[in-house]
Structure formats: C-alpha cells, structure tokens
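There are 2 protein chains.
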Amino acid sequence: MKNLLDIYSRKKKDIAAIEKALEESVYSDHAMLRETSSHLLKAGGKRIRPVFVLLSGEFGNYQLETMKRVAVPLELIHMASLVHDDVIDDANTRRGQLTVRSKWDNRIAMYTGDYIFAKALGVITQIHKPAVHQILSKAIVEMSIGEMEQIRFFFHSEQTIRDYLLRIRRKTALLIAISCQLGAMAAGAPDWISNKLYGFGYNVGMTFQIRDDILDLIGTEKQIGKPPGSDVKQGNITIPVLFAMQDPILKPLIMAELDRIHKLDGQTDVSRFLDIIRNSEGIAMADSLSQKYIDKAIASLDPLPNGQAKRDLIEVAHFIGNRSY
Amino acid sequence: MKNLLDIYSRKKKDIAAIEKALEESVYSDHAMLRETSSHLLKAGGKRIRPVFVLLSGEFGNYQLETMKRVAVPLELIHMASLVHDDVIDDANTRRGQLTVRSKWDNRIAMYTGDYIFAKALGVITQIHKPAVHQILSKAIVEMSIGEMEQIRFFFHSEQTIRDYLLRIRRKTALLIAISCQLGAMAAGAPDWISNKLYGFGYNVGMTFQIRDDILDLIGTEKQIGKPPGSDVKQGNITIPVLFAMQDPILKPLIMAELDRIHKLDGQTDVSRFLDIIRNSEGIAMADSLSQKYIDKAIASLDPLPNGQAKRDLIEVAHFIGNRSY
Numbered sequence: 001m002k003n004l005l006d007i008y009s010r011k012k013k014d015i016a017a018i019e020k021a022l023e024e025s026v027y028s029d030h031a032m033l034r035e036t037s038s039h040l041l042k043a044g045g046k047r048i049r050p051v052f053v054l055l056s057g058e059f060g061n062y063q064l065e066t067m068k069r070v071a072v073p074l075e076l077i078h079m080a081s082l083v084h085d086d087v088i089d090d091a092n093t094r095r096g097q098l099t100v101r102s103k104w105d106n107r108i109a110m111y112t113g114d115y116i117f118a119k120a121l122g123v124i125t126q127i128h129k130p131a132v133h134q135i136l137s138k139a140i141v142e143m144s145i146g147e148m149e150q151i152r153f154f155f156h157s158e159q160t161i162r163d164y165l166l167r168i169r170r171k172t173a174l175l176i177a178i179s180c181q182l183g184a185m186a187a188g189a190p191d192w193i194s195n196k197l198y199g200f201g202y203n204v205g206m207t208f209q210i211r212d213d214i215l216d217l218i219g220t221e222k223q224i225g226k227p228p229g230s231d232v233k234q235g236n237i238t239i240p241v242l243f244a245m246q247d248p249i250l251k252p253l254i255m256a257e258l259d260r261i262h263k264l265d266g267q268t269d270v271s272r273f274l275d276i277i278r279n280s281e282g283i284a285m286a287d288s289l290s291q292k293y294i295d296k297a298i299a300s301l302d303p304l305p306n307g308q309a310k311r312d313l314i315e316v317a318h319f320i321g322n323r324s325y
Numbered sequence: 001m002k003n004l005l006d007i008y009s010r011k012k013k014d015i016a017a018i019e020k021a022l023e024e025s026v027y028s029d030h031a032m033l034r035e036t037s038s039h040l041l042k043a044g045g046k047r048i049r050p051v052f053v054l055l056s057g058e059f060g061n062y063q064l065e066t067m068k069r070v071a072v073p074l075e076l077i078h079m080a081s082l083v084h085d086d087v088i089d090d091a092n093t094r095r096g097q098l099t100v101r102s103k104w105d106n107r108i109a110m111y112t113g114d115y116i117f118a119k120a121l122g123v124i125t126q127i128h129k130p131a132v133h134q135i136l137s138k139a140i141v142e143m144s145i146g147e148m149e150q151i152r153f154f155f156h157s158e159q160t161i162r163d164y165l166l167r168i169r170r171k172t173a174l175l176i177a178i179s180c181q182l183g184a185m186a187a188g189a190p191d192w193i194s195n196k197l198y199g200f201g202y203n204v205g206m207t208f209q210i211r212d213d214i215l216d217l218i219g220t221e222k223q224i225g226k227p228p229g230s231d232v233k234q235g236n237i238t239i240p241v242l243f244a245m246q247d248p249i250l251k252p253l254i255m256a257e258l259d260r261i262h263k264l265d266g267q268t269d270v271s272r273f274l275d276i277i278r279n280s281e282g283i284a285m286a287d288s289l290s291q292k293y294i295d296k297a298i299a300s301l302d303p304l305p306n307g308q309a310k311r312d313l314i315e316v317a318h319f320i321g322n323r324s325y
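Residue numbers (the working numbering), protein chains in the order written: chain A, 1 to 325; chain B, 1 to 325.
Just so you know, the hints here were simulated from the structure itself, not pulled from any lab data.
Computed from a predicted model, the values in this text were never measured in an experiment.
Since the list can't tell identical chains apart, any single copy or any two copies may satisfy a pair.
Simulated pairs of lysine to any residue, SDA-like, Cα-Cα distance not exceeding 20 angstroms:
#1 K13 with Q308
#2 K171 with S28
#3 K129 with T66
#4 K12 with G45
#5 K103 with E149
#6 K129 with R69
#7 K138 with Q126
#8 K138 with I127
#9 K171 with M32
Isolated chain A, as found in the complex (with noise of 0.2 angstroms):
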C-alpha cells in the first residue's frame, strides 16, 4: 500500500502553500491570539480536510488560490472545535502537545476557538458562490448539535450503537464529507461529481472516528499523542465498547467499570478497563465495521473519471482505515 506520504508528496508544494496560508490566515496583532493559534497550528495535524479538498477539486478547474479559501477554512473550523472540545474534555494533551486550555486556561481556549472559527468564516467569504456558504452553514449547525450530544451522553450505557454513528456523523464525518464537496465544488466540477465526493468524505470521516476511537483504546501514549483510555474517562463511550456489551458476560464488567470511573469523575487508572475491552470482540468488531465504510467510500468514486485524484483518494482511504497513529 502507497504511504500516505507519497500522495502528500504529489501535493507537497500545495500543502505547503496551504500551511503558509492558515499561519496568515490566523495571524493577529493581538499577542495572545498569536500565541494560541500559533501553539496549535503548530502541534500540527494529518491536515485530512486539506489534503481531501485539494484531492477533490482535481475534478474541476484547480486552481490553488480558489483550492485555499476553502482548505484554510475548513481546517481552521475544525481547529476551533478541538480547542473548544478540549474545554470540555478538561484534556491536558492533543497530539502529544500541551492543549490551550492547559497551557492557558478555558477562557482562553474558548475565546481563541471563536477567533479562530471567526477567522475561518473571513477566508471562506472570497468564494462567491451562495450554495458553499449554505452547505457549510448547515453542516455547522449539525456539528454544533454532535458536541452537544456528546455531553448527553457522557457515561449512558444504554446508548444504541445508532447513538454512536450519528454522534460521529456530526462531530467528523460530516466536515470531511464537505470537504471533497466543497473543494470540487469551489472548483466548478459538475454537482453529481461533487455530490459523489461527498458521498467518499462521509463514509471516509465515519471510519476516521472509529479508527480514532479504536486507537484510544489499544494505541500507546507515544502513537497516539494522550494517554490511551482518554475516551472512556472523560466518559466518551465508542463502539468497540458498545460492541464489547454485546456479550452478555461482559456487559457488567463493562458496566461496574463505566461506573467506578464515572463516580471517580475519570480520575482513576483505566486498565482494567482498557483489557475488557482489548480481550473482548469490540475490537475487531469495530474494525470490521470500519471497513466497511471504507469499502462504501471507494464505491463511491465508482462513477468518477479515472486518473491520479482518484487513485489518491483510495490510497488515502485505506490508509485512514489501516492508520496506527
């Protein structure tokens, strides 16, 4: 399987630009904005949306600077919402770095996650075209209502594996969904192209949560940048837990677990937890799942005209549905 480094190689003199534009794009006279945002922009980040928005607008007219108003965006949009989701989860590292709301504190994350939205909708108002702003909007509104829903259900062990995936819809699918939608579309691909394309991000950015949520359950502190078990202490359930619970015997083991660590408010050593759920089927369940989302993505490129994008998109499917880290 092609790394994921040779497709951002194939684009490296784009991302670049892109990288460039998104330190611009947040840049403020204001010094402690230029410090939070600097501080995560430079913790980093697989740049997915990006790289997703490049990929897609290859089936239209690209061109890099139009490829930018939408790519800056879109990543600044989904920084402002780890900034804000780190408040909530009282998380102390993200990608191996200190979080604002750590090194700062929560005033301050939640003032530099509104600069920095802000500063998203500012790029995002070069492209002049009603339908882009309306799919953003909308999709928005929907990722508003995923971080909600994620408080509502801090430790519900009676949640349905349906709660889940429309949890993860909102909070991740969706952005990357319009990401390929957006980027073909800023580009003047035809709307079925777009539509397709964001028929990819949508299941692509479905097995990215579950990957995500996969790893903070079996990855090590070093390949996942927070110490594995941050999900189920900040009372996050994911569905290799809920397909753990499935098995009968290991349901109230899940459950007293669920609920020592809740009365402990998190502060307590997870591992137990974490070897139920590792020894259990949840895993490979998940997995399998995962899977499938990625068989349903590249199906939906099916139609597409065939040529490098394409293939790119592929390759980076697989890699999300295989990434370790």
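Place chain B on chain A using the hints.
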C-alpha cells in the same frame, strides 16, 4: 423625548415578525439546545440591533423578508457572544434571569453559543451579497479579539482610556454599526448611505456601552437585572472608574479597593468601591463623553434624506444616551 416604545410601536408588526423568526431560527430537534436557546430568547433584550436593521432598511427598498435575514443573524450573534461572555464572567444572572451557565453549566453554555452562532450564519447565507458577508466576518473577528482583550485587562488598573475605548469598540460598537450598515445594504441603499449609517451605529454603540458601564455602577439590581458592581467583581474596569482615577486623591483609594477585590476574586462586598466612584467626577465625565458620541451619531445622519426613519434613529439614539435600564 419620545419613548423607545413609540418607535417600537410603529414597527411593532415587523419586530414581532423578527421575534418569531428568532424563535424559529434556533428551533432544534435537540431537546437541550431547544431549552437553552428558548431560555435565552425568553430572557429578552432590547432587540436594539434588529430595530437598527429595520430603521436603516428604510433608506433603501424595505422588504421585511430581506430585513429578517439580516436582523435575525445579528441578534443571534449578539446572543451567542453573551452566552460565552457569561461563562468568562461567571455571571449568574442577566436581565434578571439565570444565565445558561448558571441554570445548566459552562460546557452547555459554550456549545449553546456555538450552536446559536452557527444558526446565525445559516440565516445570513440567504443574503447573496459577498460584501455583506465580508463586513460581517470582519466584525466577528474584531469582536472575538475584543473578548480576549477583556480578559487581558481584567483588574489591569494601569490601562488607558484608549484601551477601554478600543475594547468597547470591538465588544459592542462594531456590531451595532454593522446592524445599521447591513440593514441599508441589504435593502439596496447606496453605499454612501450605508456608510453614514455605519458611523451612526458606531457612535450609538459606543454610547450604549458607556451607558451600560455607568448603569453597572449607579443602577439598582431591579433596573439592571444583575447586582450593581458586577463589572468590578469580575475585574472589568470601566470608563467612570478610569476617569475617577484621574483624581490624584481618589486614585490610591480606588487602586487599594481594586487590589482587595482582585485578591478576593470578586467574592466580596463592593459597596465601598461603588461609593467612591459614585462620589467622584467619573460618572459625570463618562456621561459627558457618552453625550459626545450621541452628538456624533446624530451628526452622521445629517446628509441622509429626512423622513420618519431618520427621525426615529435620532430618537433611539437619544433614548440610548439616557436610558436607565
């Protein structure tokens, strides 16, 4: 002086339509968001921004549907920023009602703000004028910088009058300025008119905030819907205080009080502080500055065509300069 209600009564039907549109716009299938949003809406407010949108729209081709698409998002953005501010300020009441963070919690308040903000964007996408979106997004960036500035200046007794003015410009005046400007633009009024209205709104906005800051010092809890002295408790040093500190005899007394309140993290009786300020020249000086802004606001309207809209804007400006609630 004509009462604000008289102006409201001329536009009663349209204001009611906006109130309804506000309710519809934040409606959510999500129970929690429905509750928090409608709690916010029911807490009311003067709806100054929508009124300015409506009155400014009368300088162009006034269509209620178009006006709604500007008035609703501007009021929602204002509401969203208040919810986030209440988190920062640990505020328990606003307009005599429990704040979202107090009735629920800080996390829910943060996401409610994000949600309402996202909904605001959804509504404004119905206006297909890129300039409108650019002006709005720039104002939102400035607002978020202003919010961060506010934190930086908490209990910062050596700040200048200029620091204060720049802060309230971002925090309050800009959004009121663009309410006037965008109301006129959306109605297709010529640029020179919307620019003059921007100047009017900006100056009225400065007055509005100075008046707010005076009321926090001299108003009763019944009048202002929160305990007087809330500003200083949270470290917000406002212009009457800065003016009072220009008196070399009062300065050390005020500094000592600020220091005491700061050390106790605002959890203390501030009546001595309030007494000092109330008996100083600070209130009268702030009042006189506020009056200057009103004069400038009204002068901005000079070149505009005479008529009911212009007369009403002048009345609202006077009301804002003298309001005691």
